[in-house]
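A.B. asks: Chains U and S are the protein sequences, given in the same order.
The numbering of the first sequence is my numbering, which starts it at 1 and goes up by one.
The numbering of the second sequence is my numbering, which starts it at 1 and goes up by one.
One should not assume that every hint holds.
Pairs involving identical chains hold if they fit within one copy or between any two copies, as the list cannot separate such chains.
To be verified - Below are the DSS-like pairs computed for lysine-lysine, each with C-alpha atoms no more than 27 Å apart in a straight line:
1) Lys-49 with Lys-125
2) Lys-125 with Lys-83
3) Lys-119 with Lys-49
4) Lys-129 with Lys-49
5) Lys-90 with Lys-49
6) Lys-162 with Lys-119
7) Lys-113 with Lys-162
8) Lys-162 with Lys-90
9) Lys-162 with Lys-83
10) Lys-49 with Lys-162
11) Lys-90 with Lys-125
12) Lys-83 with Lys-129
13) Lys-150 with Lys-49
14) Lys-49 with Lys-149
Just so you know, these hints were derived from the structure itself, not from any lab.
2 protein chains.
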Amino acid sequence: MIWKVRNVEEKKISSAVIRRLPRYYRYLGELLENGVERISSNELSDRMKVTASQIRQDLNNFGGFGQQGYGYNVANLYSEIGKILGIDTKHSMIVVGAGNLGQAIANYADFAKRGFVIKGIFDIKPELKGTSIRGINIYMLEDMEEFIKKNSIEIAALTIPKSEAVNVGERLAAAGIKAIWNFAHTDLNLPENIVVENVHLSESLMRLSYNMVNQGKATKKSRKS
Amino acid sequence: MIWKVRNVEEKKISSAVIRRLPRYYRYLGELLENGVERISSNELSDRMKVTASQIRQDLNNFGGFGQQGYGYNVANLYSEIGKILGIDTKHSMIVVGAGNLGQAIANYADFAKRGFVIKGIFDIKPELKGTSIRGINIYMLEDMEEFIKKNSIEIAALTIPKSEAVNVGERLAAAGIKAIWNFAHTDLNLPENIVVENVHLSESLMRLSYNMVNQGKATKKSRKS
Numbered sequence: 001m002i003w004k005v006r007n008v009e010e011k012k013i014s015s016a017v018i019r020r021l022p023r024y025y026r027y028l029g030e031l032l033e034n035g036v037e038r039i040s041s042n043e044l045s046d047r048m049k050v051t052a053s054q055i056r057q058d059l060n061n062f063g064g065f066g067q068q069g070y071g072y073n074v075a076n077l078y079s080e081i082g083k084i085l086g087i088d089t090k091h092s093m094i095v096v097g098a099g100n101l102g103q104a105i106a107n108y109a110d111f112a113k114r115g116f117v118i119k120g121i122f123d124i125k126p127e128l129k130g131t132s133i134r135g136i137n138i139y140m141l142e143d144m145e146e147f148i149k150k151n152s153i154e155i156a157a158l159t160i161p162k163s164e165a166v167n168v169g170e171r172l173a174a175a176g177i178k179a180i181w182n183f184a185h186t187d188l189n190l191p192e193n194i195v196v197e198n199v200h201l202s203e204s205l206m207r208l209s210y211n212m213v214n215q216g217k218a219t220k221k222s223r224k225s
Numbered sequence: 001m002i003w004k005v006r007n008v009e010e011k012k013i014s015s016a017v018i019r020r021l022p023r024y025y026r027y028l029g030e031l032l033e034n035g036v037e038r039i040s041s042n043e044l045s046d047r048m049k050v051t052a053s054q055i056r057q058d059l060n061n062f063g064g065f066g067q068q069g070y071g072y073n074v075a076n077l078y079s080e081i082g083k084i085l086g087i088d089t090k091h092s093m094i095v096v097g098a099g100n101l102g103q104a105i106a107n108y109a110d111f112a113k114r115g116f117v118i119k120g121i122f123d124i125k126p127e128l129k130g131t132s133i134r135g136i137n138i139y140m141l142e143d144m145e146e147f148i149k150k151n152s153i154e155i156a157a158l159t160i161p162k163s164e165a166v167n168v169g170e171r172l173a174a175a176g177i178k179a180i181w182n183f184a185h186t187d188l189n190l191p192e193n194i195v196v197e198n199v200h201l202s203e204s205l206m207r208l209s210y211n212m213v214n215q216g217k218a219t220k221k222s223r224k225s
């Protein structure tokens, strides 16, 4: 049995495929937990509510891990997608902002399971100095740059108010951070070599609102016809 | 001066355009706050790092709010996009789960400014009964259905563990909720008339990881050439 894996660098993967990969990873992880060893694209299609041809197309981007008549080897596919996503190695992370959202991220142990290890939390409130969340120390924001360099931090989760986010984003970039997970309600406009993944909750809520309002219309329409 | 607004129901708007609309809304809101009355697609393009032709195309979907040689009337465009997004009216919301994430959502006053009014928070911990967050009462989960019906709740933010989310999602659907803002790390598989907007934080972090790992490769490549 040969698992052909094309060199991922050879071709540019569309951002739509990249958006879907973590979902494949999640489903495959659940299958693994349930002891499923192999699965056909049709079975995966039923579970994920994505067409089987979409699944085959998506996974073909990475060289086709399946075999006709056998389907996909779950453990193999899970591990290959993990490699593609870069979560087969550990990544050091800090959380900037110890408010509710920063605490939620620090408390979510599953990130560590995926290889994202939170090494420190930063805030400006003096009363937080020396305290910790789930064993992770809270430090003062003024010490952030030194900490990043000393601990080779790659990723910063930014959960501070919009008014401070652009400035702190620039400080993170200057300190050599590779990627920012931005929860602040603003764009950061950093140099292109800094990866920024935005989680704009207000925008997500507006999309929900749009779909809700238009869902109503569609339903009324289909009832008429 | 005529502001032509085509009937939005006439055509199906692509989900990519819908994804971008809240970002237009955010930028226009900032312009309004700064007293800017009108703006050309070129100026908006500079600020948003989107091509001017993309902006014109996107906004043309809704009937073109601009005028040649004048540009866009900021207040008008802001209000029209607000209508399209369905945030020109108030929506009643509950938060299910009073953990860090639920607290973060309850504490974020900006959602109320956009018309999303949180009427109650639900949890299973008896010690939370009778307490409140930012003046919003915390109730017990068993009283959720009655509360939804009595208060005509449209939206539920679901911030509970994955193991409980599918079951509570079904209860919300049965109680007549219109939309679920799902933060649980699972798909809900509800009837199609229930709008589900997922915020899967682990998946967002994996996308960041993918882009970070591949950013490195791209940079190395371009340095070589």
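A.B. asks: Output the indices of the hints that this structure fails to meet, ascending.
C.D. replies: Hints 1, 2, 3, 4, 5, 11, 12, 13 and 14 are the ones this structure does not satisfy, whereas the remaining hints hold.
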